[in-house]
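Asks: Residue numbers (the working numbering), protein chains in the order written: chain A, 1 to 63; chain B, 1 to 688.
For the record, the hints were derived by calculation from the structure and aren't laboratory data.
Every value quoted in this text rests on a predicted model; they were computed, and no experiment measured them.
Glycine residues also receive a C-beta, built at the ideal position from the N, C-alpha and C atoms.
Accuracy of the hints is not assured; some may be wrong.
Below 30 Å or equal to it, Euclidean Cα-Cα: the simulated DSS-like pairs (lysine-lysine) are [unchecked claim]:
(1) A/K55 - B/K501
(2) A/K57 - B/K501
(3) A/K49 - B/K501
(4) B/K570 - B/K666
(5) B/K401 - B/K323
(6) B/K6 - A/K8
(7) B/K305 - B/K323
(8) B/K401 - B/K305
(9) B/K613 - B/K623
(10) B/K623 - B/K401
(11) B/K323 - B/K623
(12) B/K613 - B/K323
Simulated DEER-style distance windows between Cβ atoms [to be verified]:
(13) A/L12 - B/Q301: 26 to 36 Å
(14) B/P270 - A/L42: 16 to 26 Å
(15) A/L42 - B/H676: 31 to 41 Å
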Amino acid sequence: MMKSIRLKLQQLWHGLRRLSGDDAYERYLAHCLAHHGESTPLTRDAFFKQWQDEKWKGVKRCC
Amino acid sequence: MNALLKKIIWLLIVVTGAAAVGGIALNRGEEISALWFVAAALCVYALAYRFYGAWIAATVLVLDETRATPAERFDNGRDFMPTNRWIVFGHHFAAIAGPGPLVGPTLAAQFGYLPGTLWILVGAVLGGCVQDMVTLFFSMRRDGRSLGQMARDELGPVGGAASLIGTLAIMIILIAVLGLVVVNAMKHSPWATSTVASTIPIAMLVGLYMRNFRPGRVLEASALGVALLLLAVVMGGWIDHSAWRGLFDQEGLTLAWMVIAYGFAAAILPVWLLLAPRDYLSTYIKLGTILLLAIAILFLQPTIKMPALTQFIDGSGPIFGGKLFPFVFITIACGAISGFHALIASGTTPKLLANERDIRLIGYGGMVLESFVAIMALIAATVLEPGVYFAINSPAGVVGKEAVDAVARISAWGFPVTVEQMQLLASQMGESSLFARTGGAPSLAVGMASIFGSAFGAGMLALWYHFAIMFEAIFILTTLDAGTRVGRFMLQDMLGNLWPKMGETSWMPSVMLTSALVVGAWGYFLYIGVIDPNGGVNLLWPLFGIANQMLAAIALCVGTGILIKSGRLKHAWITGVPLTWLVIVTTTAAWEKITSADIRIGFFAAARDLDVKLASGQLPAAKAAVAPQLIFNQQLDAWLTIFFVITLWVIVLDMLRIASRHLSGKPVPPVSESAHIPSRLVEDFARD
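Okay, chain A solo, but in the shape it has when bound (with noise of 0.2 Å):
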């Protein structure tokens, strides 16, 4: 029982973190390694002012 609430529990905090983005880097590092293994990827501090500048373009928000 107390496991199975802490797995919700576990679930809602990563859905949490997918949707604001905070594991951004993680979920790129994972796409590097799975995708292009040999090239060096960003740093986290890099690769955040590009995800985030790359986020912001075209219509992002209604009325």
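Starting from the known structure of chain A, arrange chain B on it as the hints suggest.
Replies: Below, chain B without anything else, positioned relative to chain A:
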């Protein structure tokens, strides 16, 4: 057994839904619990989602879960990325739900609760949800292309240009009217003004935290920001009673200039410093407050005080002029059908879908939830005593500047209210006056505060009121920032065709010039809205509604055109019917706004009336000084309306031309759908 049980449950939903809708519709003269509205909405949504949405997905669009989505094919770990459907749902909903579904239903409550409720429910399940889902589907099948690109590819250059210009125009009007809503909420309210002002440094602080201090720690930074925002609401109350008060006690016009200056600064500042962190904060506050409101309504079950219909369905309404038909359908755009959603559904969202079958949840379901937000806003507006609702929302130009005149006028309409009642309410809410606080935000905040107050303790009404104001202001300002920036990019893109240097988004002279043009455009309408004694809402909101419905019609034209071209003529009515309705509504509304002799409806009539009064010296000096500007603006608005309706008809006729060419076997632009590539995610796809 299981199947039988399911049938019984759906039958029960049908019966409950029918009883709730019937109860709401047929109730006359008796007070009715808000729970009926929630029940009616939930049953209608459940049935529509389960049967109509599923039927569209399976029979009309024929979703193919074995087909690779753009997210899978172009997976780059950034914008294209197969994502869990609930995460996509969250992103999509956060993007589509803005202040529109809160303001529109509040204003439309002047007709009574019934027209708004029915239009929100029917418009959403037959119109808005279908538009969002179909646009999302077609964009996904075209590698996530935008509405403008799809219009150009599928209908031709005319359709493409119309959608581009339409988008820019609606953005300008939208920002102006939202700016007006914020200005009216802050006018002579030091508490609201200081709280809203403090959201700017708080957002910047959060931006610096995320960018430099702890890069990428989005949640930490957001938690800090939300805590500071709540503190700012409390601090506002303290400022209201301190020596600082005078600094934040400002006239509408001063505040309008500040909003304009802010809009310009926000458009040229780097995204990470203001826009991005503000968006995080507004998303959390927005989702949190909507959830809280839903819980409070369920828990408290407030009583609806507004009658089902008021006498204002005849067009004489104080909040905006115009008859029930077509104006309720123009006033409530977001929440029933909003063209703006088509831009989101053909932007970020299609690039995240992991599987085609997720489209029903995200496209149809996302709009269902937004529609529910609109229903809650309607409840919050109609739980107020109607007299109070009209006292807050009627402009001084209609009911009179003095409180005594206003209450006499409103009471004479059959909605009793007293000066003492309004004074008590204002002091409870921590405001000096609540008369003529047009724009919908203050009355929604009073409604929300009274719901929250009775659910979570009445001692903090003023705090709840200003929390609600902050909640509305923060995402209105986000839309203002984001919209100005999008407008700037679009303008840079257009000017780039004439002079390539202007198209460089980081070239400072171009950034300054295009930002100034966009801000100048919406700033003009905001300025006029503030100086207009009849309240700019009557002027701007219908214009916004017409523009938004025009954009929806463009999206539905693209959808209908593609359905016909891809051999689905038999089912083209799913977008064709809402399209026809919107064309009728928008054209009728535009016609009335242009030709009506009633000065509160017709733009030209208002201009003429003012011209005659000015010439014959009937106007008091203060009004005579601004009259030439108002006359010019009324004429401009009329021409703008004519332009909108022509654009609408151009694209409708263009779509019909393409459709009839296709049906008679003549050549048309080919269907630009990407080739079928089997998904590799299907077999081993584990929901992450």
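Asks: Does the structure break any of the earlier hints, and which numbers would those be?
Replies: Violated hints: none; all satisfied.
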